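Protein sequence lines, in the order shown, are assigned to chains A and B. Under the working numbering, the first residue of the first sequence is numbered 1, with each subsequent residue one higher. Under the working numbering, the first residue of the second sequence is numbered 1001, with each subsequent residue one higher.
Careful, some of the hints might be misleading.
[Stated by the list, open to error] Ranges of calculated distance between the beta carbons of each label pair, as one might list FRET restraints: (1) Ser65/A - Met1040/B: 28 to 38 Å; (2) Asn22/A - Arg1041/B: 19 to 29 Å; (3) Ser1058/B - Ser46/A: 20 to 30 Å; (4) Glu1014/B - Ala78/A: 47 to 57 Å; (5) Val1053/B - Ser65/A: 29 to 39 Å; (6) Met1039/B - Arg72/A: 22 to 32 Å; (7) Asn22/A - Met1040/B: 28 to 38 Å; (8) Met1039/B - Ser69/A: 31 to 41 Å; (9) Asp1030/B - Arg109/A: 42 to 52 Å; (10) Ser28/A - Met1039/B: 22 to 32 Å; (11) Arg72/A - Gly1016/B: 39 to 49 Å.
[Claimed, not checked] On the chain B side, residues computed to face chain A include the following (Cβ under 7 Å): (12) Leu1045; (13) Gly1107; (14) Gly1109.
[Claimed, not checked] Derived DSS-like pairs: lysine-lysine, alpha-carbon spacing no greater than 25 Å straight-line: (15) Lys68/A - Lys1078/B; (16) Lys68/A - Lys97/A; (17) Lys68/A - Lys1024/B; (18) Lys1024/B - Lys97/A; (19) Lys1078/B - Lys1024/B; (20) Lys1068/B - Lys68/A; (21) Lys1024/B - Lys1068/B; (22) Lys1078/B - Lys97/A; (23) Lys1068/B - Lys1078/B; (24) Lys97/A - Lys42/A.
Honestly, the hints are just simulated from the structure, not real lab data. The structure presented is a predicted model; accordingly, all values stated were derived computationally and were not measured. Where is the CB? At the ideal position from N, CA and C, for every residue including glycine.
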Amino acid sequence: KQEVTQIPAALSVPEGENLVLNCSFTDSAIYNLQWFRQDPGKGLTSLLLIQSSQREQTSGRLNASLDKSSGRSTLYIAASQPGDSATYLCAEGNDYKLSFGAGTTVTVRA
Amino acid sequence: DAGVIQSPRHEVTEMGQEVTLRCKPISGHDYLFWYRQTMMRGLELLIYFNNNVPIDDSGMPEDRFSAKMPNASFSTLKIQPSEPRDSAVYFCASSLLAGGYNEQFFGPGTRLTVL
Chain A
1 KQEVTQIPAA LSVPEGENLV LNCSFTDSAI YNLQWFRQDP GKGLTSLLLI
51 QSSQREQTSG RLNASLDKSS GRSTLYIAAS QPGDSATYLC AEGNDYKLSF
101 GAGTTVTVRA
Chain B
1001 DAGVIQSPRH EVTEMGQEVT LRCKPISGHD YLFWYRQTMM RGLELLIYFN
1051 NNVPIDDSGM PEDRFSAKMP NASFSTLKIQ PSEPRDSAVY FCASSLLAGG
1101 YNEQFFGPGT RLTVL
């Protein structure tokens, strides 16, 4: 059974600090690892997808790494802004299904 | 592209009533997924379709839940009869491909409240 864990459940940082969000998974045979952002009362927005053959993906201030051997993925957000406040979820993908972690709720203080 | 479209956005109903949630996937996407999100259980996959055919419905909680995809541009999730514990946000998602390229795009969700 695939299990995805995100620690911590919540994080509060001052504006400008770099954010480091952790995700661990048990299935080493994943096809991909996907990071999402969810704002309160809203749907999920895909941020980055890392295929199993890749080590990292970057988009603007966001960088996500994948280490299959250790079952870990990390999302880095550089120079955080109050607009980055949201819940961030990671999900491991097999061929067609995603298994989600519970998310890390981030608050960036102005 | 308009993205994944869901309706209604909010639904309040009384216990025992039938509820129908609707989803229009992104045009050309072959995979459609229904998820449920609650505080207690997080995001759970209920069922998914490939080319309009249900592939895995092992996440459907009870026989009260059913889902259909009559064509490539429309899917429904029905709960009959509804119960208070069905209160949750229901998301529909679609993806173009499977495997490592399976990037899923989510709709805004339907917030269901069963009184």
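Hint by hint, here is what the structure shows:
no.	hint	result
1	Ser65/A - Met1040/B: 28 to 38 Å	holds (30 Å)
2	Asn22/A - Arg1041/B: 19 to 29 Å	holds (21 Å)
3	Ser1058/B - Ser46/A: 20 to 30 Å	holds (24 Å)
4	Glu1014/B - Ala78/A: 47 to 57 Å	holds (49 Å)
5	Val1053/B - Ser65/A: 29 to 39 Å	holds (36 Å)
6	Met1039/B - Arg72/A: 22 to 32 Å	holds (26 Å)
7	Asn22/A - Met1040/B: 28 to 38 Å	violated (22 Å)
8	Met1039/B - Ser69/A: 31 to 41 Å	holds (33 Å)
9	Asp1030/B - Arg109/A: 42 to 52 Å	holds (43 Å)
10	Ser28/A - Met1039/B: 22 to 32 Å	holds (30 Å)
11	Arg72/A - Gly1016/B: 39 to 49 Å	holds (46 Å)
12	Leu1045	holds (6 Å)
13	Gly1107	holds (6 Å)
14	Gly1109	holds (5 Å)
15	Lys68/A - Lys1078/B	violated (38 Å)
16	Lys68/A - Lys97/A	holds (18 Å)
17	Lys68/A - Lys1024/B	violated (34 Å)
18	Lys1024/B - Lys97/A	holds (19 Å)
19	Lys1078/B - Lys1024/B	holds (15 Å)
20	Lys1068/B - Lys68/A	violated (36 Å)
21	Lys1024/B - Lys1068/B	holds (12 Å)
22	Lys1078/B - Lys97/A	holds (21 Å)
23	Lys1068/B - Lys1078/B	holds (8 Å)
24	Lys97/A - Lys42/A	holds (21 Å)
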